[in-house]
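Protein chains in written order, with this note's numbering: chain A, 1 to 201; chain B, 202 to 907.
For the record, the hints were derived by calculation from the structure and aren't laboratory data.
If a hint is listed, it holds; no wrong ones were tucked in.
Over the 10 Å line for every Cβ pair with chain A, so calculated as not near, a few chain B residues:
#	residue
1	Gln235
2	Phe327
3	Ala902
4	Leu906
Covered, in the sense of this in silico footprint (three residues per stretch, anywhere, with C-beta under 8 Å from a C-beta of chain B), are these stretches of chain A:
#	stretch
5	22 to 32
6	57 to 70
7	87 to 97
Here the structure is a predicted model, which is why all the values come from computation and not from measurement.
All C-beta atoms, glycine included, are put in the ideal place defined by N, C-alpha and C.
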Amino acid sequence: MKSLLIATLLGALTSLAGATATVGQPAPAFTVKDTSGKPVSLADFKGRTVVLEWVNPGCPYVQKHYSSANMQGTQRDAATKGAVWLSVNSTAQDHGDYKPPAAMAQWMQQQKAAATATLMDSDGKAGRAYGARTTPHLYIVDGSGTLVYAGAIDNKPSANPADVAGATNHVKVALAELQAGKAISQPTTRPYGCSVKYSAM
Amino acid sequence: MQRFLSLACSLACLSAPLLAMGAPTAVVNTPQVQAELVAHAPEGLAAGKPVWLGLKLVHQPHWHTYWKNPGDSGLPTTLQWTMPAGVAAGDIQWPTPSRLPIGPLMNFGYEGTLLLPAPLTVPAGFKGDTLDVKLRADWLVCKDVCIPEGGDFALQLPAQQATAGHAALFDAARAARPLPVPGAQASAAVEGQQLVVTVSGLPTAWQGRDLGFIPETGGVIQNAAKPQTTWQGGTWMARVPLDLQRSESPKVLPAVLTSAGQAAGLRIEAAVTTAWPAAAPAPAAVPALGNAQVTAPVANIGLVVSWLLALAGGLLLNLMPCVFPVLSLKLLGFTTHADDRRGRLLGGLAYTAGVVLSFVALAAALLALRAGGEQLGWGFQLQQPAVVAVLAALFTLIGLNLAGVFEFGSVLPSSLAAARARHPVVDSALTGVLAVAVASPCTAPFMGAALGAAMTLPTVEALSVFAALGLGMALPYLLASAWPAVARLLPRPGAWMAHFKTVMAFPMFATVVWLVWVLGMQVGVDGVAALLGLLVTLAFGAWALGSPALGPKARAGFGGAAALLLAAALVWALPALRQDAAAQPAAGEAATHDWQAWSPERVAQAQAAGRPVFVDFTAAWCVTCQFNKRTTLATADVKQAFADKKVLLLRADWTRRDAAISAELSRLGRSGVPVYALYTPGAAGPQLLSEILSVAEVRGALNALP
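Produce the entire structure from the sequences given, and follow the hints as far as they go.
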């Protein structure tokens, strides 16, 4: 009976915590299907640093960071530091920017993105749990499951790809500080970009 | 010569793209906006005369651009001027913005026709017939999609003539500018997760009105939340929820107060009088449990205190309505050993061992599952329909046995039956196991805090807290079994014992009724029918195989039929008993007329609106919860008190697994139900009421509300 019990418990999906994420507090758990339909949970990466990137290919600010290869570069930088990168698309299915999973996977591939997985959060549950407002909006969860960064990718809020060159990449800085065991100098910054195209509640 | 060439080249190279684009004009049209560089110089160009430039944006319906603080997304429009030396343009004089909600987010910006004016400073002794002005403007225009747009504009102003073709537009923009309020006193103080803004000295026409609050600095408050505002005399006070991901910590917070029907807001500068709290410190890693994402830092009580609280909680658990189903089992245990002191003591010890070991085993399973990332809490076993069904079957069999329908001796293999007869202590230990399975899901006073703390301790220490809890629960029976005086209180053994045994069958069946109801809450009426069908075939099987009245032939025939029926019933019933059969959102008992289903958003919204909130964390399988719900919470007195204080009543139903509720419980430092939380507007956290809820306690807490 005990084994039956445990099997039943493990088999069920962990759903979302509804609270908004706060830096310095445990990051909300989530389970969201990736573009191949496989459920991906934050808990799958226990012990590893996880970067969450809110993405919407239809958003000019997202295009700025992909066309300049800035986002892909940040993804590869995270990978070399052993971090997991989850790109999350919270665009509602009835929105013009919505891409079905296959099209989303294809777009990421065309961009030569280096994300560990691309998650289809079409109902916006994970987005709301993290309080994601813009695309892009980035979060870093450390190995103990604590949210350690929330905010923008860099300090040049514009849609102009030329601004990438002179900008300070907050995510790269935070990942380096995390790797060096230092406190993150700027744990929260103002995210900028398009609003996340959430589904109606 | 060489220098000349390079200069010529650079001029040509610079102007080439400009020419290719065509000379900049005063107008740029896109499908979303018509943009035009306009000027207002009614007295011509001269030092000290009013000279204004402005970008006019006419938005297509439903499209908008942004204010200096765009809110949750978007970007402010930017203007970069190119002027002759000595002439300078000032900052944009932003008109009062509108609130533009988009889903759960809030933006600040403009729709319709907008003029962004900027003052121009003309130096003394300005000479020249004309002034050439160039502007690079960039704006983000959004409807449900966002488009970054921009344009290069050029305008030539005559120095000696009036330029006043857009006077009305400039007048309107001036009229829409937030007005500074001379003599107004504004301050802001951080209180928990809120910013308390206090403003006095506002114009009489604004006094007593419902005001909106839009800060010029972004990244400080929750833009979409409605502040809770009050007027006290001439002082306006607003409690504004802070952004949980606040990025700015300004010393002065400039803001615009808005009022319905007023084109222009009022501009205030609130001095922040308290220090900004640092981001919440990361909780210490809990490697042994590995559940840092579930447990928020709770009241850090020591291990010894946890033991004592757990012991007291375990003792009190016996007084909770939770224990009704197992009381009869315990009474029975006493009577069977009424005449045998050693047997009684052994039984007491065995019962204690059963209870303690079951607590430890359940806790170990809980900790292991939580370490695996599951969002679970105390009582999780009864969140599984399969476990509820197995318990219902077990209680049915015990009830039938007590009623004399069958005897275990006829059912069990003879060797096992003999072993049972020789070891009555095994019975007592199993009674303990059963008591824990059914009674433990509820929490008693003291127990909630001890379990909440145990969840954050290293594994061995956490298990020791649960062992203390079990010891507390078993202690009264252990003491009673060791006390000869208790035995003397019982009547002499005799015929009454047989009657008593039969009578005790009925509380068992009552327990089955409760378990079937719990299952109904979890998987619906189909599951109930499946379980009842299973119980009927089980009863038939027990009678066929175990009735002392049946001969060997009849037993074989009925037994075979029973085995077939049972197998068929299992095949038919099992799918309906699975948790995913409960996919329908029939939120059992969450929503009723007075009560709404709990969600963190509902609590936050009511808090922001200044409404007190009472949350009943409950579960169908928690008898104490049901007891409180049907007694204290159902009394007219309490209902009236809730209505008087306009308390929002929310019910968090934990009958089924619910990660959000589990997370909220651990935030409250609890791990099980019942929990009663009263949120007072403006207070940092909720007030937790007692697990045995009394009318007086609820009324007292409600009377203390402001």
